[in-house]
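**Q** Add chains B, C and D to chain A, keeping to what the hints say.
Number of protein chains: 4
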Amino acid sequence: MLDDRDTIVTNLGECRVDSPLSVRRFIGEDERVIVDVEYGRVEDSFKERGRASSFENAGPRRKIFFDPAASKAAIVTCGGLCPGLNNVIRALVMELYYQYGVKTILGVRYGYEGLIPSYGHGFLDLHPDTVDEIHAKGGTMLGSSRGNQNVPAMVDTLEENGVSMLFTIGGDGTLRGARDLCDEIARRKLKIAVVGVPKTIDNDISYVDRTFGFETAVAEATKVLDSAHEEARGARNGIGLVRVMGRDSGFIAAYTALASNVVNYVLLPEVPFRLHGDGGLLDHLKRRLEAKRHAVILVAEGAGQEYFGGDRTRDASGNVKHGDIGVFLRDEINAHFKKIDFHANLKYIDPSYTIRSVPASPDDAVYCIMLAQNAVHGAMAGKTDMMVGRWNNYFTFIPLHLAVQKRKKVDPDGYLWSIVKGATGQPDLA
Amino acid sequence: MLDDRDTIVTNLGECRVDSPLSVRRFIGEDERVIVDVEYGRVEDSFKERGRASSFENAGPRRKIFFDPAASKAAIVTCGGLCPGLNNVIRALVMELYYQYGVKTILGVRYGYEGLIPSYGHGFLDLHPDTVDEIHAKGGTMLGSSRGNQNVPAMVDTLEENGVSMLFTIGGDGTLRGARDLCDEIARRKLKIAVVGVPKTIDNDISYVDRTFGFETAVAEATKVLDSAHEEARGARNGIGLVRVMGRDSGFIAAYTALASNVVNYVLLPEVPFRLHGDGGLLDHLKRRLEAKRHAVILVAEGAGQEYFGGDRTRDASGNVKHGDIGVFLRDEINAHFKKIDFHANLKYIDPSYTIRSVPASPDDAVYCIMLAQNAVHGAMAGKTDMMVGRWNNYFTFIPLHLAVQKRKKVDPDGYLWSIVKGATGQPDLA
Amino acid sequence: MLDDRDTIVTNLGECRVDSPLSVRRFIGEDERVIVDVEYGRVEDSFKERGRASSFENAGPRRKIFFDPAASKAAIVTCGGLCPGLNNVIRALVMELYYQYGVKTILGVRYGYEGLIPSYGHGFLDLHPDTVDEIHAKGGTMLGSSRGNQNVPAMVDTLEENGVSMLFTIGGDGTLRGARDLCDEIARRKLKIAVVGVPKTIDNDISYVDRTFGFETAVAEATKVLDSAHEEARGARNGIGLVRVMGRDSGFIAAYTALASNVVNYVLLPEVPFRLHGDGGLLDHLKRRLEAKRHAVILVAEGAGQEYFGGDRTRDASGNVKHGDIGVFLRDEINAHFKKIDFHANLKYIDPSYTIRSVPASPDDAVYCIMLAQNAVHGAMAGKTDMMVGRWNNYFTFIPLHLAVQKRKKVDPDGYLWSIVKGATGQPDLA
Amino acid sequence: MLDDRDTIVTNLGECRVDSPLSVRRFIGEDERVIVDVEYGRVEDSFKERGRASSFENAGPRRKIFFDPAASKAAIVTCGGLCPGLNNVIRALVMELYYQYGVKTILGVRYGYEGLIPSYGHGFLDLHPDTVDEIHAKGGTMLGSSRGNQNVPAMVDTLEENGVSMLFTIGGDGTLRGARDLCDEIARRKLKIAVVGVPKTIDNDISYVDRTFGFETAVAEATKVLDSAHEEARGARNGIGLVRVMGRDSGFIAAYTALASNVVNYVLLPEVPFRLHGDGGLLDHLKRRLEAKRHAVILVAEGAGQEYFGGDRTRDASGNVKHGDIGVFLRDEINAHFKKIDFHANLKYIDPSYTIRSVPASPDDAVYCIMLAQNAVHGAMAGKTDMMVGRWNNYFTFIPLHLAVQKRKKVDPDGYLWSIVKGATGQPDLA
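Residue numbers (my numbering), protein chains in the order written: chain A, 1 to 430; chain B, 1 to 430; chain C, 1 to 430; chain D, 1 to 430.
In short, the hints are calculated from the structure, not lab data. The structure displayed is predicted, hence computed values, not measured ones. Hints are supplied without guarantee of correctness; some may be wrong.
Below, computed lysine-lysine pairings styled on PhoX-like, alpha-carbon distance capped at 20 Å [claimed, not checked]: (1) 191(C) with 72(C); (2) 103(D) with 223(D); (3) 189(B) with 72(B); (4) 191(A) with 103(A); (5) 223(A) with 103(D); (6) 223(C) with 223(A); (7) 47(D) with 47(C); (8) 223(B) with 223(D); (9) 223(B) with 47(C); (10) 103(A) with 72(A); (11) 103(C) with 47(C); (12) 408(C) with 321(C); (13) 338(D) with 286(D); (14) 409(B) with 321(B); (15) 47(B) with 47(A); (16) 406(B) with 321(B); (17) 286(A) with 339(A); (18) 408(D) with 321(D).
Bound conformation, chain A alone (with noise of 0.2 Å):
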């Protein structure tokens, strides 16, 4: 059970001012939704605590702590690309505008960066007409950077700008950041909202049912997937190998081989495989090139990092640089094909670039607008050092230290591995 601690959401101040939504219903501070829905779990807490752990449900609140007339906001996009990041700046700035009456919204430029006067990127000004267009395209508007910046210098550029809430899109590593400009503005005692909406691909954070992007990643990945299907069936003894995305997390690889129905081999970081020896990935793969006279394998970027030892670096964002799994994998195979004499056919498909800068999907781009409307919602009622989430279907405020806390992981003994291997048929490789 979560520490209710962690659960909290930081308030700059007393809310005095009246919302200006015409909404039916406003959302009370004491509306919250509860973590675990597990009964027996539930009632455990209940019986032994009096309580269980629950998050603060989002939404617009009847009072609030900015008035709008004298705000100012500003939207910062950080860390790869992901589609529905122009959905998200769009909805941020449709509902700060018109529903709200924030008239002045800067655009940061290229993340972090543009946080920093040096880079001379300069703010762009969002308006209802600079944006009503931009969800139809994949990418952000606002470009993008990985890397936090100096934390000091960026909240004096909030400061000067009289910036009174600042959204950031991101993941991880941006939560990070954004965590570090609070201590920084609380420090100043600045009434400064920070609020972070959840920006990764793999679906790894923690406490939101799904992050925005990847249902699209998903469909986008699909289709790659059927054609390194044609091209494994187009040769004898065709192999088609694709890395998709998941550093950490396996969920895009899960899903997509799902969602395909033509993987036979899915590798995940967090379902260990061997390579060789009886029973052995190489193994199967040859039964089955024998068989079916071809296969096609599904591997996330993080999958079998046991095979790269050794010290490895982190990228701009923090990250650990992985060992490329894919190329490895290419390699490995030919190797193993050529020194046992057996004729195979094998293409290699890497598509990430084209996976992750596509436009968000409807569904997608549906739920993109529920996280900023719920984002500025917070903002606007001086909630901070939080981001927005969905948890059980309803829209939640969650702290960043508990977001930033853990990654989301596939289960290997959970029902989603055991759905895939069902669908897949795939055999134990461990």
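**A** Relative to the frame of chain A, chains B, C and D by itself:
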């Protein structure tokens, strides 16, 4: 709070057969997921009644009821087309055949008709090879029909053909039909499991987070809205009017309005609207055309039924036949603007058949596999008179009588409608 | 053989300005492409008349008529939507602005209406930035309308606004309107070039291999046929009936039947068919349903007009208003099967608006650029009263009076219809 | 002007069998289409030589060579995947089976390998039911392989299996292989027709307007360019670098640049470019990044081969193995900017497999049917050592030796390259 009796799933008998599945974790009979997840309600439940309502978790059981080698399955699809039907059929067959070892699977042709010998439809033999690529197509490989058939005659057919379990994929009417089958089966003391996979493109079945095909339908409808938008913009005072499915519930219309970002007015069955007079739709429409030169209206088929008085008949599925609100609005708008001599150019689009007959989106494809695998787990464990669902992200078994009790609706005071109003800027038309 | 006079393009005057283009090869005024390419006809032509008919090649001229810096262009789109309109507008603007240096380009709103001041539409200022991303959308950013307007008043507007060249993007009616403008311009001895870019989704303009948007329309219609096929297969004796565009020419229907591979009966304006009696459509349809349980019928809107006797009115574009053959067939088929007490389940789909309002396919997008660049080359060289086309893979300038003389049709004895009949297996229904 | 001998198609013998086709118009043996259509060239031809070069029209013949009931056909697909392979196979089978009545059709597995018994591939039995839905998939249902096989052994196989006509679907190397087969068949005085259906995704076969699959490839590549554009815009000084197919001819790159409207630099095999120095690519690129912050480069695989000196080997199809210009450019650009300490962020995309393995676009689907039907007409009429093509919108029969003489290329002085330069604004990089 749901009465406990309402959530108890019927079992055909004691499970004595070892499951042939090699999954890492079986689901215990006592594993359940709570129904309401709002903290206050859960707390009250436990405090006042010592418990909360819960649903039985789906998933594979260690002991099953049917001996796979001696069992025969049958699959029937009923009612209108819905994206994902073939995916469900495919996944049922794959799971039955490869995971459990049920080798005889009958495909019932053209809905419940196929269980009435006098139609002469015969059965299709379903086998992994037969169904391997059907998911790439919309529609249903089995064919479908509306309406119920003579119940004893259908049970005769099941009995004579030695069917151990029947999977019925269909909506409200189909599930009622399944209930009738269960009653007759119980009366005859037969050991036949009847398991429903809920199918409603409208997403209006209670106690299911989302029904398969809904998301695909929204995606297709979103494309149509783009067309309506261009038609509206392409003409002076152009109006794009689109009617989408949504007999009693406006979920498709609400989500499509969000996904497309081009809708100005959304009309749902759940939210009454005035057509005439100050502040009515026609008044707002005229003012918008004067200001912007174009407008897009999205109407769910069940909206505005108050404009069609009197008695209405029912279709073969037992649904009340609605007045055609799309054609009605088209004619009313045209007549009104003609009467007040205001030039407008309305294009009416009713895309129903092209929305419901497409292949499932990747996300729906995944969901169909998950539903189907769980339906098989349930049937093999001898559960009957129930349907498979998903609730709070857990797959569940829901008694049929509960599922058909009432329809899920868009709450006019809830967050979905609030978000739609925020995103479209639509005024209150009541 | 075409008379030589018919193929001569009008010039506004002598070309004295050096082209600013830095192309490697300019097109000479004497470069022409022959019209008929059948060897026998060409041979006869040269033997008997010493020459063959030919069209003037389009392409950039070394000397041009208008001084770019002193010139003003205007663009108008007329008639119904067609994929590619925005691509043509974009490419006209880009070519005028960047390649020739014409910096003032007026966007005429809502077709020829936009040239009549009393409508109060004003002009849009077209600039590369304005049009940079419009090709991603269907429709026309300028708006459109049907029908002609007062010719002297339109020429007044061109004159008063100092327009040097007008690009009219439209079909038969629009090109006739352009001819009228040219006559009035000539009467006033003005130096205004009027250049048409032929737009007809039906692909029925003479002396043009293919019109832009046609291919995209076929692609969209093909998707609809897949839906019709699944609807037909999904019901006992299911019939999918689809009406597509094709007022006088059945090209869309013919190509869609080939592309989709699911059509059993194709009905074109050019090929009469019998409905009743032995060997008529209804007879064949019943026999097919008895054998296969489903059927797909594709009908062009202009087919079977012999079933609608009497006088018919014309729409604003001057086209004869057709009887609605789709609705007629739906009702006739339903009535016939009811009368003979034969169960059938017909689904009727009329997808016109959703076909014509989509963005251009990549191939159409390329073609639009080629047409637009050549239209600009022609206008800058002072050519007028003509349209740009493609013939035998050469881009050409065609005098307007020739283009509007007659419509291109599917030849019932030609190879296209023969291929369609071969591919669909459709019997002779005459 | 082509020599007449070059355009004469070989016949196996006199046609004495009545065609079973019921088409309205058969094609006479003297029907031909002229090759060059420029008026001046045609005029000169007739004046100076009394004739012009021409190709034999394809189409159905009234008298055919083979008795359908006694004939056996075989189909082989060779070389790399190309959209439309399955469409051609399907249409060949449908035309042979339903229109001509050839009931035995052998599917040769994995290219020419399938004609060598020692591989043990066997044949597939092709029947309308087998191929009915294959067009919905990319790839080839027959499998493919590169390279030729022992010619006498392949002819032995044809002879032993009583094959009357072989349809070879492949590119340059495959057609050369087909020529060898024809020589051996002639040597043995066998009556086996060998008819090619030209397949090259690069669109580089001479005397064919366009090869099937090309348009689909451009459409797929266009999507990738959108991704590259968003990746470029999403990063400070972002560069999207995409390599597409185009071994010797840059048609895919040229058309994709036009279709996508986002390319700044297009590099083709036909147009040399300088990398370094003033006015070279790197110089221009830096200036563009300074001005616009992003750039997109599209390179055909055969471009810039002058940067890879020395001897190069050939692949199994006999094609010279190119140096990898995509990887080379990526590394050169990165090294250059690193050297001059200029921040840039390059994303490299090589989408070849995902482009070539997709299903044919509707327009390509239509074209495949037309090619296939005409290939069957030719083979049934005993024509051999030829391929089917389209020229000046007429379907033609072209002797194989002519088809493989040289490759079609983008003319650096022609209109296509001129249009591309106009549309992209790319400077001269030579």
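**Q** Do the alpha carbons of residue 47(D) and residue 47(C) lie within 20 Å of each other, as the hint requires?
**A** Since the Cα atoms of residue 47(D) and residue 47(C) sit roughly 9 Å apart, the hinted pair holds (cutoff 20 Å).
**Q** For the pair supplied as a hint, residue 406(B) and residue 321(B), is the alpha-carbon distance within the 20 Å limit?
**A** With Cα atoms ~18 Å apart, residue 406(B) and residue 321(B) stay inside 20 Å; holds.
**Q** Please work out if residue 223(C) and residue 223(A) have their alpha carbons no farther apart than 20 Å.
**A** holds, 18 Å
**Q** Holds or violated: are the alpha carbons of residue 189(B) and residue 72(B) at most 20 Å from each other?
**A** Since the Cα atoms of residue 189(B) and residue 72(B) sit roughly 18 Å apart, the hinted pair holds (cutoff 20 Å).
**Q** Check whether the Cα positions of residue 103(D) and residue 223(D) lie no farther apart than 20 Å.
**A** Violated - the C-alpha atoms of residue 223(D) and residue 103(D) are around 41 Å apart, more than 20 Å.
**Q** For a C-alpha distance cap of 20 Å, please report whether residue 408(C) and residue 321(C) respect it.
**A** holds, 19 Å
**Q** Between residue 338(D) and residue 286(D), does the CA-CA distance stay at or below 20 Å?
**A** Holds, at about 12 Å.
**Q** Need the status of pair residue 191(C), residue 72(C): alpha-carbon distance at most 20 Å?
**A** holds, 12 Å
**Q** Tell me if the straight-line CA distance from residue 286(A) to residue 339(A) falls inside 20 Å.
**A** holds, 13 Å
**Q** Between residue 191(A) and residue 103(A), does the CA-CA distance stay at or below 20 Å?
**A** Holds. Residue 191(A) to residue 103(A) sits at ~19 Å (cutoff 20 Å).
**Q** Is it true that the CA of residue 408(D) sits at most 20 Å from the CA of residue 321(D)?
**A** Roughly 19 Å between the alpha carbons, so the hint for residue 408(D) and residue 321(D) holds.
**Q** If you draw a straight line from the CA of residue 223(A) to the CA of residue 103(D), is it 20 Å or shorter?
**A** Given pair residue 223(A), residue 103(D) is violated - Cα atoms ~36 Å apart, limit 20 Å.
Hint compliance for this structure: hints 2, 5, 9, 11 are broken, all remaining hints hold.
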